[in-house]
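Chemist: What follows is the residue order along each chain.
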Amino acid sequence: MAKIKLSDKKLQELKDVCKSFNNEKGELINVLHKAQSIFGYLPAEVQEVIAKELNASVAHVYGVVTFYSFFTMIPKGQHPISICLGTACYVRGAEKVLEEFRRQLKIQVGETTADGKFSLSCLRCVGACGLAPVVMVGEKVYGRVSPDGVQDILSEYNN
Amino acid sequence: MNMVKLIIDGKHVEVPENTTLLKAAKTVGIDIPTLCYFELKDMNIENRPGGCRVCVVEVRGRRNLAPACNTMVAEGMEVFTHNIRVLNARRTVLELILSDHPAECLTCSKNGNCELQSMAQQLGVREIPYAGEQSKYRKDTSPAIIRDVDKCIMCRRCEMMCNDVQTVGALSAVNRGFMAVVAPAFEMNLEKSTCTYCGQCVSVCPTGALTEVDHSRNVINSLADPAKTVVVQTAPAVRAALGEEFGLEPGTLVTGKMVAALRRLGFDYVFDTDFAADLTIMEEGSELLDRLTRYLKGDKEVKLPILTSCCPGWVNFFEHNFPEMLDIPSTAKSPQQMFGPVAKEYFAKKLGIDRKNMIVVSIMPCLAKKYECQREEFKVNGDPDVNYSLSTRELAHLIKQSNIDFNALPEEDFDNPLGASTGAAVIFGATGGVIEAACRTAYELYTGKKLEKVDFTELRGLENIRHATLDFDGLPINIGIAHGLGNARKLLEDIRAGKSQFHAIEIMACPGGCIGGGGQPYHHGNSEIIKQRSAAIYREDSGKPIRKSHENPFIQELYREFLGKPLGEKSHHLLHTHYFDKSVGDFIEE
Ligand code: SF4
Ligand code: SF4
Ligand code: SF4
Ligand code: FES
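Protein sequence lines correspond, in order, to chains S and H. Counting along the first sequence from 1, when you hit position 92 you're at 92 in my numbering, and nothing is skipped either side. With the second sequence counted from 1, adding 159 to any position gets you my numbering.
Everything labelled a hint here was simulated from the structure, so no lab data went into it. Treat the hints with care, since some could be wrong.
[As the list claims (entries may be wrong)] Computed list of lysine-lysine pairs in DSS-like fashion (alpha-carbon distance at most 27 Å, straight line): (1) S:Lys140 - S:Lys96; (2) H:Lys508 - H:Lys538; (3) H:Lys741 - S:Lys15; (4) H:Lys608 - S:Lys5; (5) S:Lys25 - H:Lys658; (6) H:Lys741 - S:Lys52; (7) S:Lys10 - H:Lys741; (8) H:Lys295 - S:Lys106.
Using the sequences plus the hints, can you model the full thing?
Modeler: Okay, here's the thing in structure tokens:
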């Protein structure tokens, strides 16, 4: 496992988060949520700090991180791609769109391409049902996406 | 206590409230099968995740079947433990577990001792109808323990032992669903974790998912090598448990038969770790007295309490968790590691052979000793003081493999000079024994008087943390004892906070001490077995003609001929060690 260095500032921020929950072991899930919003993901180093601050074992922290699907240990890509799988999108073929992204990027949901450019995740309804199926790349929303349109979306970012 | 009346399989039962159906049924002779459930009665150890559902029963009026291990009795309840619905459900549950389990029983090291295997036998499973994809993981081999988690059934007993009892936290349930497994953080190897190799997870794992690293082949090879003089040492707790592997009642002492078996296996010299335990007392006891007298004279540098250091599981624990307190434990090596240099630097010279041509094997109730004997500081130019450490279980296998009818063996005596020992040494095997042995010697050395009553019964027992004040001729000595690392942690935290009132503390990593060690025959949760072993240890002690370490004539001779005096230069060099800070970089490679 490659070592990443947490900047002093981020480290302090993380410790403050733990402190805001009184360094209580029982608050682990809440602490992890906050930590993930700071770092975008939960690398081993972050989990070790949290374990230490909450006086929990690293194995336990890792156990919780791997149990809940909303926690991830993989950094998001430069352009995180989210595909809405809410009812409306699903009915209009979002799964086929997801399938096409997976095929083209050669990664699974929750993973990041080797060059760190794209990552893939699923969303529950983003509230743009009129545009279903909806795909987001970063902050940008694409509507009525079909499997054929996937190539075009990716090429926007591929130069 | 409020009593509750209920009916189980037509039998009227009356038990205190907050009793589980499992225990209530037991009172009327109904044995409901269990798998994840685990208990060591009277030792505060229980695993009750209610996960496997093998123990399901029907409760009249409830729609779903209930797990008996995790359901409390209620007034008027009517329970069925073996009607057709229950039997079918139980079988389905087991078949599902088996469908994700490799059917490798023939070659599994747990063959014959596996609780999953006996459950399949008990329920008469003859085929596994749900054969499908099986989860696959890589095998993880550490210096003492092998994790073969394809065989894990997620009972989480090991997690309970490692976290709740030992407070080590090396293992945790990770992932979910099909991929769920118990593993170290980041699913790294155990060797990279804070594991102490106490082996308590191994001793409770129902399947072959956690087992010891087996060194018996190396020992067989050494025995077959005519160029090698092979010396064996046996730890105190082994003689009180080995008989169980040969169908003898728990608590049967098999010291003489064990010696005979080792001789028949071909060891050139059958010696006793107890000899080294007497030596440990000389060194550790002297260190205690030295620190105590300096302290009484007002020396502010002196660290008290002194902590025993003969348990390598415990040593690993404080190296990982209390790095700022490395100067508090005694520097005395464990008996296993004292025996090594005495054999290779003293006895080998007496025989006129090179230490490289001597192989020292130890038989231990312990898995941490496998790691300990590989530590770099216990080697001379790459040659380990102790070459191989086998568990009690491995010795039993070796004896069986060699066509030795153990129960028909005569009783034989250890060889001299490293086979002679006192009663003080044998009680090393039970919690409280080391400190009792140390006090027998320290008392006489300190007061210059003869100790009339050698039994310090106030130091014995199975309570988690015990303390007693002994009277050293007017000087009160406060002794603390902890077994199980969670209990040790409590005493250590008191010391860190400056609250400890003790002069000396004994710590053993395993619940019960070495008699409950990770290398002992499997007790399958029967704490009576551990109690019987303990009784056997104290029986052996009271039957010994000499019961104080400093009166062992061969120990006296060793000091005269070779070592000089306790804590002397030679002792310091050969019998003492130092500790390392292992608190950082457990998972992240630099
Ligand atoms: S050997 Fe002891 S410390 Fe290591 S994982 Fe097992 S229970 Fe935990
Ligand atoms: S490794 Fe053994 S003790 Fe641990 S959960 Fe798996 S089967 Fe149970
Ligand atoms: S208590 Fe005994 S068996 Fe357990 S780790 Fe310590 S020395 Fe080994
Ligand atoms: S033994 Fe009761 S649920 Fe496993």
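Chemist: State for each hint whether it applies.
Modeler: Results of checking the hints against the structure:
no.	hint	in the structure
1	S:Lys140 - S:Lys96	holds, 20 Å
2	H:Lys508 - H:Lys538	holds, 17 Å
3	H:Lys741 - S:Lys15	holds, 23 Å
4	H:Lys608 - S:Lys5	violated, 62 Å
5	S:Lys25 - H:Lys658	holds, 25 Å
6	H:Lys741 - S:Lys52	holds, 15 Å
7	S:Lys10 - H:Lys741	holds, 26 Å
8	H:Lys295 - S:Lys106	holds, 23 Å
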